[in-house]
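Listed here are the chains, written in short residue letters.
Protein chains: 2
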Amino acid sequence: MIIEKIAESKFNDSVFDSKVFGKNFTDHMLVAKYKDGKWDEPKIMPYGALEFTPAAMAFHYGQAIFEGMKAYKNENDEVFIFRPDRNFERFNLSAERLNMPTVPEEIFMEGIQTIVDLDRQWVPKNYGTSLYIRPTMFATEEAISARSSNEFMFVVLLAYAPAYYDKPLSVKIADFYSRSAQGGVGFAKCAGNYAASFYPTQEAQKDGYDQVIWTDSIEHKYIEEAGTMNVMVRIGDKLLTAPTSERILNGVTRDSLLTLAKDSGMDVEIRPVAVQEMYDAYKDGQLKEVFGCGTAVVVNSYNAVGFAEERAPIEILSDEESFASILKGKLRDIQYGLVEDPYGWRVKVGK
Amino acid sequence: MIIEKIAESKFNDSVFDSKVFGKNFTDHMLVAKYKDGKWDEPKIMPYGALEFTPAAMAFHYGQAIFEGMKAYKNENDEVFIFRPDRNFERFNLSAERLNMPTVPEEIFMEGIQTIVDLDRQWVPKNYGTSLYIRPTMFATEEAISARSSNEFMFVVLLAYAPAYYDKPLSVKIADFYSRSAQGGVGFAKCAGNYAASFYPTQEAQKDGYDQVIWTDSIEHKYIEEAGTMNVMVRIGDKLLTAPTSERILNGVTRDSLLTLAKDSGMDVEIRPVAVQEMYDAYKDGQLKEVFGCGTAVVVNSYNAVGFAEERAPIEILSDEESFASILKGKLRDIQYGLVEDPYGWRVKVGK
Ligand SMILES: Cc1ncc(COP(=O)(O)O)c(C=O)c1O
Ligand SMILES: Cc1ncc(COP(=O)(O)O)c(C=O)c1O
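Protein chains in written order, with UniProt numbering: chain A, 1 to 351; chain B, 1 to 351.
Some hints here could point you the wrong way.
Said to hold, decoys possible - 25 Å max Cα-Cα, derived SDA-like pairs, lysine to any residue:
hint	chain 1	residue 1	chain 2	residue 2
1	A	K206	B	P101
2	B	K19	A	E142
3	A	K206	B	Q182
4	A	K33	B	E51
5	B	K206	A	D36
6	A	K19	B	N150
7	A	K38	B	V20
8	B	K33	A	D40
9	B	K38	A	D40
10	A	K206	B	L93
11	A	K33	B	V20
12	B	K23	A	D40
13	B	K206	A	L317
14	B	K33	A	F21
15	A	K35	B	Y199
16	B	K33	A	D36
17	A	K221	B	V20
Stated by the list, open to error - To list a few chain B residues with every Cβ distance to chain A over 12 Å, as calculated:
hint	residue
18	E110
19	Q113
20	S148
21	Y165
22	E219
23	R247
24	D263
25	E289
26	E310
27	A312
The set of hints was computed from the structure by calculation and includes no laboratory data. Ideal Cβ positions, reconstructed from N, Cα and C, are used throughout, including at glycine.
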């Protein structure tokens, strides 16, 4: 690995005062190029602009995937990354579906270890804050012909992630637009899935909702996931979530919460969740909680669900009663190193 | 419009000897930037690299759309673009679905007029060759947060398009993978649609086919379109093609061929075409032709169609008998200015 350090760090403590997510990049980025069937030596260099022609294939044919994970610092200034092995696996699964080369473990895992270690002063310590890690790969060949690119770039960016203000959101259940098709790319973390979701999300916002819960594209009868979150539904004291599939991203947070829920004796069912079942439960007063989960927010409760034209308010339960709050607390305590990590989810950075 | 001309043209006649599509760019490109809710003055400048950070949103969330059209030169060195108004309309339709700003006519149409005029020596004269025009727009804001970008770049690239060697292709009818969902972005010419198609196409190639004919994502019962072509099917003497929909790109070539077919008295039906109907016709010896149509190839006949595990060969008809050849000839004669253009499809460039 080639390391070209920044002449003078941009870091100062006011970095951690920012409230903006995804804009405050650290001193360095990691770049590795793929050409002629192989990866060159990865290079860590100062974060900044590179040269691309507007004919770079990613701009035209969208071969682009990414991942998102977080690093946390504990009281002893030790830095840990949460379950990076899962993101590494998913990244290469996305790569295969998008017909891109996979990234070897030495580049992905060691690259991330090295750059996070180098920029470790950018990892904040406050509960709720973290350093966001964004590995990404996109097509760079200079060609406007609709085929797979022969050249790619793998990049790791790091940005300060401020505490997410945990306001409950309202969500509309999709009854016209779709996020993914059977036999499509819904399970992949590819660029095109996000672009396709912005317009329907904006339409939902015009109707007074914050986000969309996607449903199956065939009949809009079963819920799938939300914008950048998997979705969990509590009916009575049962916690339900859709099985992952070719249409649903296999979320790391979802998996972690399911493990924590089962291990704390909650009644968990992984099976298709019908919109009608949710609606009936709402009418019966049994729709106790609906919440999204993902790396960015960890857990986000919904205080209203839009069933077609009907807006169903959901009372936010107290922290003691809410499955969302209980699970979020358990997960964050592990992430921040406040409790034992019986699952081996935390991976230490550096010596 | 700001025009910064290249110091010395790269053009020489050997440019037209190339057999490669999408790699031979002309001297100039057009660039316009969108920020703070408005477009700045477009600039024509020498084709080449610009600076982007790897955090440019297009690389992460895929807000990226494009168009493709062609310019032709006649014997009198006059240059014509084929139906650019249709591409302009479709570009802005794609922009809306991808939650991107629309591009005003002055920038899109006048920009293309001006740059093609400036690089007119790059427009070839040989029947079958042309200058390919690629307008594209993508998200440039430096932010890794899953939402619409606030900054975009509109670019027009020009590249020499050599004569397409008109070898018949074989196609597999999709029975597992899908290109687009109901309520999705199939009708938009957005980057993600192409990236999603490369892997299934590669799988079809492993089975000995060149391309995929996509089918509805629900049951794979009705054909939709091919990689970068709409599809027409001739059963007996009837020419069939699927209606355009939210899942199918509304091709300019498709529309032009349908007009030519109707006006030459062919029996044309625009309606869903079932895979089973094609298969039954094949068994009855009535599946006379299947062909793709699009700007790049104009018309491309298929000499084999894969129905699940069965490869159905299709005899290529003589130029006199083939609807594909007859229509292709009629369309190209108009494009190259060899016959009158009763439809007003050709738009002259420059004075
Ligand atoms: C579409 C989608 N679903 C679900 C998730 C949640 O996945 P994870 O918990 O791995 O962050 C994300 C975010 O990463 C996402 O983008
Ligand atoms: C997916 C798709 N379908 C169809 C077409 C044909 O459209 P057109 O005739 O406008 O080139 C294209 C190519 O532009 C395409 O990309």
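Checked hints:
| no. | hint | in the structure |
| --- | --- | --- |
| 1 | K206/A with P101/B | holds (17 Å) |
| 2 | K19/B with E142/A | holds (16 Å) |
| 3 | K206/A with Q182/B | holds (22 Å) |
| 4 | K33/A with E51/B | holds (17 Å) |
| 5 | K206/B with D36/A | holds (21 Å) |
| 6 | K19/A with N150/B | holds (18 Å) |
| 7 | K38/A with V20/B | holds (24 Å) |
| 8 | K33/B with D40/A | violated (33 Å) |
| 9 | K38/B with D40/A | violated (40 Å) |
| 10 | K206/A with L93/B | holds (20 Å) |
| 11 | K33/A with V20/B | holds (24 Å) |
| 12 | K23/B with D40/A | holds (24 Å) |
| 13 | K206/B with L317/A | violated (54 Å) |
| 14 | K33/B with F21/A | holds (24 Å) |
| 15 | K35/A with Y199/B | holds (19 Å) |
| 16 | K33/B with D36/A | violated (33 Å) |
| 17 | K221/A with V20/B | violated (48 Å) |
| 18 | E110 | holds (19 Å) |
| 19 | Q113 | holds (19 Å) |
| 20 | S148 | violated (5 Å) |
| 21 | Y165 | holds (14 Å) |
| 22 | E219 | violated (9 Å) |
| 23 | R247 | violated (9 Å) |
| 24 | D263 | holds (30 Å) |
| 25 | E289 | holds (24 Å) |
| 26 | E310 | holds (20 Å) |
| 27 | A312 | holds (22 Å) |
The structure fails to meet hints 8, 9, 13, 16, 17, 20, 22, 23 from the earlier list, while all remaining hints are met.
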